[in-house]
Amino acid sequence: MFDTSELVINMGPQHPSTHGVLRVVLRLDGEKVVDAEVVIGYLHRGIEKLSENRNWTQIILLTDRMDYVAAATSNVGYCETVEKLMQIEVPRRAKYVRTVLCELQRIASHCLWVGTHAMDIGAMTVFLYAFRERELILDLFEEFCGARLTYNSMRIGGLPQDIPPGWDKKVLAFCDIMDGKLDEYETLLTHNRIWLERTKGIGVIKGPEATALGLCGPALRGSGVARDVRKDEPYAAYDEMEFDVPVGMVGDTYDRYLVRMEEFRQSLRIIRQATAGIPEGPIVGKVPRLIKPVAGETYHAIESPKGELGYFIVSDGKSTNPYRFRVRPPSFCNLQALPRLVRGHLIADVVALIGSIDIVLGEVDR
Amino acid sequence: MIDQFVIPVVKILVVLNATLIGVSYMTLLERKVIAWAQSRLGPMRVGPQGVLQPIADAVKLILKEDITPRKADRWVFTAAPVISMVPALIVYAVIPFGPVVHMFGRDISLYIADVNVGLLYIVSVASVGVYGIILAGYASNSKFPLLASLRASAQLISYEVSVTLTLVSVILMSGTLSMVGIVNAQYNSRLWFGFVQPLAFVIFFIGSLAETNRAPFDLPEAEQELTGGFHTEYSGMRFALFFLAEYANMIVVSSVATTLFFGGWLRPFPNVAALHFLDVLPSWTWFLLKSFVFLYIFIWVRATLPRYRYDQLMRLGWKVLIPLAIVNLVVTGIVKVMLL
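As you go down the protein sequences, you meet chains A and B in turn.
Residues in the first sequence are numbered from 1 upward in steps of one, following this note's numbering.
Residues in the second sequence are numbered from 367 upward in steps of one, following this note's numbering.
Please note that the accuracy of each hint is not assured.
Unchecked claim - Subject to a maximum C-alpha distance of 25 angstroms in a straight line, what follows is the list of computed PhoX-like cross-link-like pairs (lysine-lysine): (1) A:K318 x A:K292; (2) A:K32 x B:K426; (3) A:K32 x B:K685; (4) A:K200 x B:K685.
Rather than coming from a laboratory, the hints here were simulated on the basis of the structure.
Build out the structure end to end from the sequences listed, making use of the hints.
This is how it looks when you write it as structure tokens:
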């Protein structure tokens with residue numbers, strides 16, 4: 001009787017809650033999302049191609065620019081891949097410090113996530129609380145390596161410098177502060193009725209489908225799949241740490257939220273163990289002056305705050321730069337689940353779901 | 367001559383200016399209170415502790431370029447901010463800030479007009495304001511504002527019903543629609559209606575949060591979803607008018623809540639002679655103090671809660687608040703008939 005037509009609406013690349021320059025083309029029926037198409041590439045800088053023209057140490061700096069809210073994790077992932085290719089033995093002290101840095105970085109990244117996720121759903125106070133604590137972590141990083149966002153905090157074979165005196169005490173003091181602050185966030189959100197209504201049952205995805213879509217990290221664990229690279233294929237000093245891998249039951253936005261909130265606590269647990277147990281010893285292993293791996297290829301993955309961050313590197317053994325450099329970014333793989341997640345939900349849920357899969361466009365586009 | 371013309375004009379000027387200043391300082395209050403809630407300082411640069419910030423904002427907004435999109439419906443686009451601002455201001459005509467006082471050798475009433483259908487006037491005029499939002503979204507000829515104005519109309523229809531139903535309960539208690547009469551009825555019954563009608567008050571408060579588009583019901587201007595909502599295409603002072611209208615509406619709602627449920631200008635326990643010392647404060651101060659508490663709660667809520675989703679908002683309105691309001695009204699009626 002009436003002619004109805006779908007409304008095509010362009011969300012982004014300039015939009016307050018697409019977390020950067022993501023563009024989502026939504027087809028709407030009223031406020032209901034019929035279909036969504038994700039358009040990426042607005043932040044493409046060609047990091048993979050650039051890397052093939054840089055020497056092995058210079059690439060560390062480029063990995064900073066991928067997941068810029070978790071730069072240290074990208075550094076560690078890359079350095080470990082090259083170490084694996086060159087079979088360099090990393091001293092235990094360096095491994096422990098790497099673990100501490102990775103987990104501090106995870107907390108910083110999750111702080112940013114909880115802040116923006118809550119802000120997308122309208123609770124803006126959490127955002128500023130979370131940034132207040134993220135600031136403390138940035139201060140710790142600044143003390144360690146002098147930078148606050150793109151750290152360049154790792155070297156092939158170990159660390160660029162030893163930890164400053166008294167730094168471990170400050171890390172432990174931070175853990176004590178963070179414990180209380182986590183309760184503060186949870187008071188505002190976890191049992192809040194509006195928060196529950198906004199997140200429960202939104203974007204449900206079950207384990208098998210999540211695996212099939214290539215989801216990784218907290219987004220996958222929210223669906224009940226206990227896949228965590230730190231447990232399954234331990235790197236750095238994770239095999240010596242005691243921690244649990246939280247998993248969700250339903251696979252909705254609320255479960256992904258709970259999983260990440262629990263990861264905060266597990267990260268604090270790991271930091272406490274690792275900081276207390278940093279052994280004495282050298283910080284760099286036996287690394288040749290000119291880094292020039294023999295011909296060969298390798299893949300190595302670590303658990304970044306967003307999920308499984310993998311590097312695939314091919315060396316031709318002749319030049320001082322990689323022949324092929326390829327990244328498996330967790331945000332990119334998680335983002336491809338977005339159209340499947342938003343279908344049938346409302347516009348307001350789209351922003352909740354973008355927040356819930358926790359993407360960083362620097363890593364999606366590289 | 368003086369009683370007929372000069373005094374009303376002076377009163378109108380005072381109320382209008384006080385309102386506009388109050389509205390602009392509401393913006394500062396909101397920014398400050400939210401900043402404190404979020405462990406920040408808020409505006410600190412303009413004047414000591416940032417007290418001149420609203421003036422700086424106004425100057426900035428007036429000087430800004432006023433853009434009308436080429437494809438917008440020019441007349442409606444221009445009229446929309448005015449339509450939302452004017453009703454918010456003329457509602458003050460019937461709000462009693464105090465009783466009749468003896469001043470300058472004359473009896474002067476601290477309200478502009480005591481209309482015998484005062485409450486009805488407020489409800490009807492205030493609901494015109496939403497046309498501003500609807501027309502703004504429609505006239506912008508842009509998709510996000512259009513969605514926002516759809517939300518605004520749906521939201522207003524569902525919440526005005528419940529708010530009006532709670533007002534009827536108050537009218538049953540007071541037996542009058544006059545705002546002054548309602549305050550006097552509370553004086554005579556020795557009880558503020560907020561304590562007799564707690565449910566009505568709660569529904570009224572939630573409903574007015576929704577009606578003034580405040581968090582957690584600020585869907586028409588949900589920045590994170592609709593990039594600014596209905597005022598996406600507005601700039602400069604026209605944009606500011608929408609904001610001023612929102613704050614003016616908040617003040618209206620707080621004043622109405624004070625008058626209807628918390629005794630208007632009456633001091634606490636107005637009939638207890640022992641508390642006579644409270645009369646040191648003039649009546650209008652009590653009114654302003656009580657209204658201020660409500661305004662503070664408005665801001666507090668915004669700093670704390672996430673935002674409802676559109677369908678959840680409608681469900682809350684139609685399935686929870688309206689049935690409760692009806693039950694409250696029926697019970698009030700029965701009790702009133704049985705006991706009196």
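Hint by hint, here is what the structure shows:
Our distance criterion of 25 angstroms between C-alpha atoms is met by A:K318 and A:K292, whose separation comes to about 8 angstroms. Among the hinted pairs, A:K32 with B:K426 is inconsistent with the structure: their alpha-carbon atoms are about 39 angstroms apart, more than 25 angstroms. Restraint check: the Cα-Cα separation between A:K32 and B:K685 comes to about 21 angstroms, which is no more than 25 angstroms; the hinted pair holds. Among the hinted pairs, A:K200 with B:K685 is consistent with the structure: their alpha-carbon atoms are about 20 angstroms apart, no more than 25 angstroms.
The structure fails to meet hint 2 from the earlier list, while all remaining hints are met.
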